[in-house]
Each structure stands twice: as C-alpha cells, then as structure tokens.
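Asks: If you read the protein sequences in the order shown, they are chains P and W.
Position one of the first sequence corresponds to residue 1 (our numbering), numbered consecutively onward.
Position one of the second sequence corresponds to residue 1 (our numbering), numbered consecutively onward.
Simulated from the structure, these hints should not be mistaken for laboratory data.
Take these hints with a grain of salt, some might be off.
Unchecked claim - Sample of chain W residues facing chain P (criterion: CB under 10 Å; computed from the structure):
#1 13
#2 57
#3 79
#4 81
#5 86
#6 89
#7 148
#8 152
#9 205
#10 206
#11 223
#12 226
#13 227
#14 302
#15 304
#16 306
What the hints assert, rightly or not - Heads up, simulated DSSO-like pairs for lysine-lysine below, C-alpha to C-alpha not over 27 Å straight-line:
#17 13/W x 66/P
#18 13/W x 131/P
#19 180/P x 205/W
Positions of the beta carbon are idealized from the N, C-alpha and C atoms, including for glycine.
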Amino acid sequence: MMAMMEMTMTETGTLDLTRTVALLEHVSNRMIAQVDILTDADLAIGDGDHGIGMQRGFEGALESLKTAPPATIEEALRTVGSSILSKTGGAAGAIFGTLFRAGSKALGDGQALDAGGFAAFLETGLEAVLKRGGVTEGQKTIIDALAPAARAARLGAGGSLATTIAMASRAADDGVEATKAMIATTGKARSLGERSIGHPDPGAISVSLILKAMHEFVTSA
Amino acid sequence: MAKAAKKIINDPKNVVEEMLDGLVLANDGRVARVPGYAAIVRTDLPESKVALLIGGGSGHEPLFHGFVGRNMGDGAACGQVFAAPSPDIIVAAAKAVDRGRGILFLYGNYAGDNMNFDMAAELLADDGIEVRTVRVCDDVAAAPPERMHDRRGIAGDLLMIKVAGGAAAELDTLDAVERVAKKAAANVRSMAVAVSPGSIPQTGKPTFELADDEIEVGMGAHGEAGISRQKLAPADAVADQMMEKILADLPFSAGDEVALLINNLGATTMMEMLIVNRRVRQILEQRGIGVHRTDVGTFVTTQEMAGFSLTLMKLDAELKHYLDLPAESLGYSRR
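Bound conformation, chain P alone (with noise of 0.2 Å):
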C-alpha cells in the first residue's frame, strides 16, 4: 500500500481527488493537536484565542469533509475554508477562510493537485486575503508567512508537488522567524508596539504548520 502510494507520487508528482482530501484531513489532524503552541504563541502578543479558534475551525473541517465528500479538488480546499470560516469565527477566521475558499477557485475542475495548481492556490488565496485584510507585508501578520511560501511555490511550480511545497513550506517557516523581528502595525498585537518585538506572529506559525503538514503527507505517503 505504501509503495504503491510512493509510487503514485512520484510517478505523476500529484495528488487524485482521495489523496487530496487524505492530505486535508492530515492537515487537520496536525492543526489540532497543536493546539498549544499557537495558544502560547497568541498569548504572549494576543489574546490567546487563535489555537482553540483554528482548533474548531479544523475539527469543522474533518468533520465537512466526513458528512458531505467532496466531488472535485476545489470543492474539497473550499470545504476547508468554510468549515474554517464558520467554526473559528474572528479574524482568523475570515482570513484562513478566505485562503482556502478563494484560493480553492485556482483549481477550477482540475482532476489532480499538481504543483502548478497547488502553486496557483496560495497566490489566488493570498491575493483574495490581502483584499479581504487590507495589510501589507512587513506587518506581522499571516501574510508574512504566505506570501513567501506563495513566491517560492511558483519557484518550484515547474517540479514535483512534493518539492514545491517543500519549498513554500521553508519559506514560510523563514517568514515565521522573520515576523519576530517586526512591530505589529495591524490587529490586536499593534497597541503592543514595540513590545511585540521577539515574538513570532500567531496567524503566520498557523501557516507554516498548516504548509508542514502537507509536506509531511506528501513526503510520507
């Protein structure tokens, strides 16, 4: 089974409709059961809401994804988004429902997640979060982590799935580190100042783990 997994990945570089909503639900699963790191994360620059937030939102999602089985790729990411959208409630909310409810258009009636669409996905839900938040990179927000990862998707867009969401996945991880040196200008850390100097930003850890776990499922499976 494994092998045979292996092999369907690195034969085509990319993930059927079963897979996809597999490496959705594994996402899920790890978004949960971090829980409290992003509630530590929050804590210390908010109000320490935003792990319990993501942690309905993706409990939401597991069970969407369960009740109603998506028929297509873009229905599966949308799913996501509104379970995430309705459940965690917030900015957090809003902002990771937007991600994966606009960036799910970018698929279209593709059969297949390649790294192409996948690259597509991030750009088409960074732009539409970027409309939603009116922020900007340099912020300390979530974006400081997607739109890294969404450059270096592209990057890495002409190679395998697995390797191009490794690459977003390092970059969003640089994007988390780079967050600590910023001074939040946006949301409920920016009354901090200076203060919010050192601390990572909450939304871009949930990113970076959101990006580690597809690329555990798609270097494992």
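Following the hints, position chain W against chain P.
Replies: Then chain W, alone, in the frame of chain P:
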C-alpha cells in the same frame, strides 16, 4: 504562568451555546434564539422598522447579546469568546431582524469584526438587503486622534447602542439612523485601567500578566497594551490621569454636556467605582462640563478582569433624546 482561573462552567467548548440558552430564559420571553445559530433576536419587533444589529465576540457580557431589547439592539450576532462572529451567524441574525427598511451594523472596531461583518454585508447585498456600518472607536489609548480608524471599541459600545437603538426605533430611514449613530460615534471617548487579567474559559490562561503591585492605564479589553504600566496608585490619581487624556482628546470643554459611564471590567467593586465617580465629577465641575446622566455598573467586561473604564459622550439635544428613551434589556434597563 499564573494558575488557571476558577470558573463555574460545564464543558468549556459549550460556554457560548449554554450562556445564550440561559440568556434567552433570563429575558422572560422578550428575546429568542435564531434557530441553528449563535444569535438572538427580539420577539417584540415591530412589523416595519430600520433594524439595529449588534454583535461581536462573547466573553464581554452583558455586552452585545445582553443589550437586545426595546430601544436597544434588535438582534445580536455572537462569536466565540473574544472572537468575532462568523459571516453565516451575522447573516442569519440580520435576516431575523430585517423588517424591510435596511439594517445598521453597529460593533466595536476590531480587525476580526470588521472582516466578518463586511463579508456578511456583501452576502446580504447579494440578497437585496441594504446594510450600513458604524464602528465604535472610543478607546483614546489605542491610537492618536488622527488615526481614529485604529482605535478599538470598548465601553462606549453601551452608549452607542443606546443612541442608535433609540434612533432605529423612531426614525424611518436607514440614512437617518446612520447619521445619528455616526454623530454619537464622533462624540464618544473612553479609556480603561487594568488591575488584573481575565482568562478565556477554554484555555484557562490569563490574557496578560501584571505584577501584584502594578496597573496598566489604557489597556484594551483583551489585554492589548495601554499607554502606561505603573505602580498601583490612589483612585484620585488614576482618575486624574485617565480624565486628562479623555478630556483633551475630543476635546471636551466648558459648557459641554456629557453622558458619563463608569464601567466595571469584571471584578472591580462598586465601592471603587463610586470613589472614582466622586473624583470624576470634581474634575468635570472644575472644567465647567455638565453631566446629563450617569451610569455606574457592569456593562462591558472581560471575564474576571479587574479594572474599570471611563466614558464620556458629548451630547446635543438629539443625542440626549435618543439616549434618554426607556431601555429594556437584560444588561441595561432604565426608564
């Protein structure tokens, strides 16, 4: 890290749902749940009116869902603790309060609320329901006056809901209600002082840390940093410090008449707030500023956070009229 706060709750995941069930029962039939959503609506809504929809994160009770009633909010969309309600909750609440004359959204200015309420307004526009938005930006500690749009909404929410609720009860058009609400928003200023933190039921962790002998002047409702972390000081000195900042901001000046609100953030005693009220009135009298009405109580809280906020709204005849209409709600009733 301080130990988890003691709270008498059941499963922390269910606090909002169980609270709303209890809230509806405590309203003696004047409000009802919107089926399937964390939202409530008045049961005695007139057939035709401009609707006022309020809402935001839970955990600040009685704020928002406790302020639904005659001459107050027509309905409320309720998020999880300290998290804005999602667009589907807001849309469901909006449709439940809609009486064909448009809906005013009134809520505190936070990124999460702004995004979720905006998304809901876009969805409602697709369904032909007109929505206008007024955000409460009363916290003078959050940003300088030229950046009002960066200020968060704190206890001024109550006076705003009172004025907008009155206007929505008496005025026929969304335009007119929006105009009154905007005028009130432009004339309300607040500031808080934090003495000890509150905590989110689900994490049990305090939202910020303060040393035993420290207070933070200007701190936000979720522990957002204020303008000065300092040693505990006498009530008069703290009131002086807060009033100086609030009065200079609008500015409030001799001859003005104001509504005064002294709000408990959760765990401060009425005794402390009344002592502060005494000093605030001395300051206002000294400045020649008249007080039209005073509210001292627990209206906009952050769980068991200790501290209080001061709010002033500068009034003209129109604002006085709407503010003075009788209010009936769980969290605020006054003839």
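Asks: Against each hint, give a clear statement of whether it holds in the structure.
Replies: Here's how the hints hold up against the structure:
no.	hint	result
1	13	holds (8 Å)
2	57	holds (7 Å)
3	79	holds (5 Å)
4	81	holds (7 Å)
5	86	holds (5 Å)
6	89	holds (8 Å)
7	148	violated (14 Å)
8	152	holds (8 Å)
9	205	holds (6 Å)
10	206	holds (8 Å)
11	223	holds (6 Å)
12	226	holds (7 Å)
13	227	holds (9 Å)
14	302	holds (9 Å)
15	304	violated (14 Å)
16	306	violated (16 Å)
17	13/W x 66/P	holds (21 Å)
18	13/W x 131/P	violated (32 Å)
19	180/P x 205/W	holds (23 Å)
The structure is inconsistent with the numbered hints 7, 15, 16 and 18, although it conforms to all the rest.
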